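2 protein chains.
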Amino acid sequence: MDLNICVLPGDGIGPEIIEQAVVVLEKVCEKFGHKLSLDEAQIGGVAIDAHNTPLPQATIDKCLASDAVLMGAIGGPKWDKIDKSIRPERGLLGIRKALGLYANLRPAKLWDELKDASFLKDSVIGDGLDIMVVRELIGGIYFGEPRGEGVDENGERYAYNTMVYKESEVKRIVKLAFEIARKRGSKLHSVEKANVLDVSQLWNEVAEEVSKDYSDVDYHTMYVDNCAMQLVRNPGQFDTIVTGNLFGDIISDEASMITGSIGMLPSASIGDGKVSLFEPIHGSAPDITGTGKANPLATILSVSMMLRYSFDLDAEADLIEATVAKVLAEGYRTADIMEDGKECLSCSEMGALVASKL
Amino acid sequence: MDLNICVLPGDGIGPEIIEQAVVVLEKVCEKFGHKLSLDEAQIGGVAIDAHNTPLPQATIDKCLASDAVLMGAIGGPKWDKIDKSIRPERGLLGIRKALGLYANLRPAKLWDELKDASFLKDSVIGDGLDIMVVRELIGGIYFGEPRGEGVDENGERYAYNTMVYKESEVKRIVKLAFEIARKRGSKLHSVEKANVLDVSQLWNEVAEEVSKDYSDVDYHTMYVDNCAMQLVRNPGQFDTIVTGNLFGDIISDEASMITGSIGMLPSASIGDGKVSLFEPIHGSAPDITGTGKANPLATILSVSMMLRYSFDLDAEADLIEATVAKVLAEGYRTADIMEDGKECLSCSEMGALVASKL
Ligand SMILES: [Mg+2]
Ligand SMILES: [Mg+2]
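Residue numbers (our numbering), protein chains in the order written: chain A, 247 to 604; chain B, 247 to 604.
No lab work stands behind these hints: they were computed from the structure. No experiment lies behind these values; they were computed from the predicted model shown. Do not rely on the hints blindly, as some may be mistaken.
Which copy is meant is left open, so a pair is good if it fits within one copy or across any two.
Claimed, not checked - 25 Å max Cα-Cα, derived DSS-like pairs, lysine-lysine:
{"id": "1", "residue 1": "Lys-327", "residue 2": "Lys-458"}
{"id": "2", "residue 1": "Lys-367", "residue 2": "Lys-355"}
{"id": "3", "residue 1": "Lys-603", "residue 2": "Lys-539"}
{"id": "4", "residue 1": "Lys-588", "residue 2": "Lys-367"}
{"id": "5", "residue 1": "Lys-603", "residue 2": "Lys-277"}
{"id": "6", "residue 1": "Lys-412", "residue 2": "Lys-308"}
{"id": "7", "residue 1": "Lys-539", "residue 2": "Lys-572"}
{"id": "8", "residue 1": "Lys-361", "residue 2": "Lys-572"}
{"id": "9", "residue 1": "Lys-572", "residue 2": "Lys-355"}
{"id": "10", "residue 1": "Lys-520", "residue 2": "Lys-572"}
{"id": "11", "residue 1": "Lys-520", "residue 2": "Lys-273"}
{"id": "12", "residue 1": "Lys-588", "residue 2": "Lys-327"}
Turn these sequences into a full structure, and let the hints steer you where they fit.
What follows is the structure, given as structure tokens:
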């Protein structure tokens with residue numbers, strides 16, 4: 247198969263982790279006989295420095311011309327004070343929009359070998375933790391109109407945002423989540439607040455309707471406040487979760503954190519177009535940039551997600567995940583997940599090791 | 247002092263736990279020489295059965311005529327199918343509104359003796375956990391207008407809610423939270439999503455302004471998704487949290503759950519009027535109603551909050567809390583918090599024991 251990948255290294259540790267992920271990607275392609283073409287473009291701070299915008303048109307064009315995009319991380323203190331409209335994060339929002347990426351897939355998986363890293367007690371974790379949060383990414387209250395500030399009849403200031411979803415927006419994300427759940431544990435929780443919010447009532451009606459096409463998937467609804475509790479109390483009850491933009495932001499971050507190993511977590515942003523975007527959930531970590539302490543595994547696992555979701559290459563994706571598990575089982579770690587008695591590798595050593603064991 | 251208390255036992259285990267809380271309240275009043283007058287009124291399912299409404303006018307009148315309201319719990323399967331407009335929970339929303347209770351105080355405290363109950367690892371809990379979440383209760387997206395459903399120009403249905411706050415609403419809740427923080431650990435986190443939401447930007451501006459009058463309180467802002475993570479990662483960093491209605495719903499429930507002992511947690515709803523409402527955060531537990539398995543300690547601790555917040559009777563409130571700690575230290579438990587080697591008491595035995603040790 248031909249794989250045309252656009253790589254966006256970004257800022258901070260972005261280039262270092264991307265370099266190792268590419269080493270692994272090249273090795274996988276070689277092993278399975280795929281033809282890999284790599285292109286590279288700028289996003290975030292580096293793009294601001296070079297072009298005074300976090301998302302140059304050339305970057306959008308290169309992404310649109312590719313089959314999939316692999317991103318590192320963006321931002322850093324250097325760009326914290328610049329004008330809001332050209333902040334590094336705008337680059338990420340912009341590319342999501344340009345590619346129509348309406349779904350954010352956020353797996354929160356606790357690797358057996360890293361169970362000690364979880365903040366939850368062993369008795370709570372039980373057999374492990376393997377949750378996929380499917381978050382709606384370009385609708386809801388983060389983008390809803392009208393929004394802004396006003397002054398009421400008493401001369402008092404107020405500010406407001408609109409949480410809004412239309413049927414088609416709910417339908418496509420819920421449908422996608424059912425498809426994903428079907429490939430995983432066949433269980434889906436739709437997280438909402440329908441006892442209070444009109445927008446959640448519509449969400450539930452649409453989700454209920456979609457669920458009729460997936461009678462093989464165990465479908466549940468759950469209020470968002472209850473979900474925030476259940477993730478702490480009994481995370482093992484969840485397989486796949488689907489929810490709106492704001493609730494998904496909160497719930498996916500909470501789910502990630504209970505694993506205790508943020509440096510291990512990849513993500514995918516996908517849409518109806520052919521080009522999806524894959525990136526680790528951790529940030530650009532300017533404090534450890536250039537020290538070799540960065541953990542490339544989340545980016546390597548993002549490559550695995552890319553092979554699975556953009557190219558349907560499940561065997562290749564499985565091999566990467568199995569190799570990461572093996573490397574962990576053999577006692578290799580990076581600084582962020584280091585434990586007594588294990589061997590601490592640098593970013594490039596870890597990348598090379600995973601590639602060599604594929 | 248004269249204490250005129252209106253008691254609302256409600257449904258399920260409500261009457262059982264209220265009975266024990268009243269035993270303790272009577273004992274405290276006797277000990278400190280306060281004159282206690284008790285009145286009782288109906289709310290929730292019992293009120294629906296008797297008057298076909300979850301909140302009869304007589305209940306509102308009695309509450310308004312009192313100095314403070316002590317509530318048990320409401321709801322149960324018996325009333326799950328009835329018309330939405332007269333569901334038991336409407337009684338609670340109604341009485342909050344009638345009393346102008348704009349602030350919900352939700353302590354999440356891990357009792358030393360119950361550390362094992364927490365779902366978090368000992369290393370995460372460290373010295374313990376004592377967080378007060380101050381949630382705005384009658385504004386924000388749960389009440390914001392406009393709300394509802396519509397059909398767009400393409401004939402597609404959509405639904406929407408409005409998250410809105412005006413300056414005065416933010417000011418009063420943030421001011422109250424600063425006052426509470428000052429009496430506790432002098433640290434306040436204002437939880438919002440100002441990097442995305444206009445309403446949070448106004449919230450922050452107002453909170454920043456109020457903070458100038460409280461330079462003795464260590465003031466921080468934090469995004470709600472980060473807060474959901476930090477509660478799991480390092481809950482010890484929090485003392486007092488203030489936030490809006492929706493964020494507070496999620497964050498206060500998550501904070502409660504990490505203690506692992508929902509049956510121990512009281513709450514207060516207060517406003518600018520003189521009458522506040524105090525209740526345990528757990529529900530009406532119809533499954534154990536009448537079995538004697540209910541834990542009355544959250545309601546007893548709600549009495550403690552009532553004495554502190556409605557009457558400024560700190561010594562009396564402290565005595566109740568110290569006595570609960572003592573009873574736990576001596577190895578007495580109820581079914582929900584039972585551990586090996588401890589003595590399990592019934593609801594009425596626990597109430598009588600606390601009262602006898604005051
Ligand atoms: Mg987030
Ligand atoms: Mg709640």
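**Up to 25 Å CA-CA - Lys-367 versus Lys-588, copy category** = The answer is both: 22 Å in one copy and 22 Å across copies each meet 25 Å.
**Asked** Between the shortest in-copy and the shortest cross-copy C-alpha distance, which are at most 25 Å for Lys-572 and Lys-355: within, between, both, or neither?
**Response** Close inside one copy (16 Å), not across copies (41 Å); limit 25 Å.
**Asked** Under a CA distance limit of 25 Å, which applies to Lys-520 and Lys-273: within one copy, between copies, both, or neither?
**Response** within (24 Å within a copy, 71 Å between copies)
**Request:** Could you figure out if Lys-412 and Lys-308 sit no more than 25 Å apart (CA to CA) within one copy, between two copies, both or neither?
**Result:** neither (31 Å within a copy, 45 Å between copies)
**Message:** My question is about Lys-327 and Lys-458: at a cut-off of 25 Å on alpha-carbon distance, are they close within one copy, between copies, both, or neither?
**Reply:** Result: close only across copies, 23 Å inter versus 50 Å intra.
**Prompt:** Under a CA distance limit of 25 Å, which applies to Lys-520 and Lys-572: within one copy, between copies, both, or neither?
**Reply:** neither (32 Å within a copy, 64 Å between copies)
**Message:** For Lys-603 and Lys-539, with the copy left unspecified, which applies at a CA distance of at most 25 Å: within, between, both, or neither?
**Reply:** Answer is within: at 21 Å inside a copy they meet the 25 Å cutoff, but 57 Å across does not.
**Asked** Using 25 Å as the alpha-carbon threshold, which applies to Lys-603 and Lys-277: within, between, both, or neither?
**Response** So Lys-603 and Lys-277 pass the 25 Å test inside one copy only (12 Å; across, 74 Å).
**Message:** As a check of your reading, is Lys-361 near Lys-572 (CA-CA no more than 25 Å) within one copy, between copies, both or neither?
**Reply:** within (15 Å within a copy, 36 Å between copies)
**Message:** My question is about Lys-367 and Lys-355: at a cut-off of 25 Å on alpha-carbon distance, are they close within one copy, between copies, both, or neither?
**Reply:** Close inside one copy (16 Å) and across copies (18 Å); limit 25 Å.
**Request:** Have a look at Lys-539 and Lys-572 and pick one of within, between, both or neither, based on CA distance no larger than 25 Å.
**Result:** within (20 Å within a copy, 48 Å between copies)
**Prompt:** Should Lys-588 paired with Lys-327 be assigned to within, between, both, or neither, using CA atoms and 25 Å as the limit?
**Reply:** Answer is neither; intra-copy 40 Å and inter-copy 57 Å both fail.
When held up to the earlier numbered hints, the structure conflicts with 6, 10 and 12 and fits the remainder.
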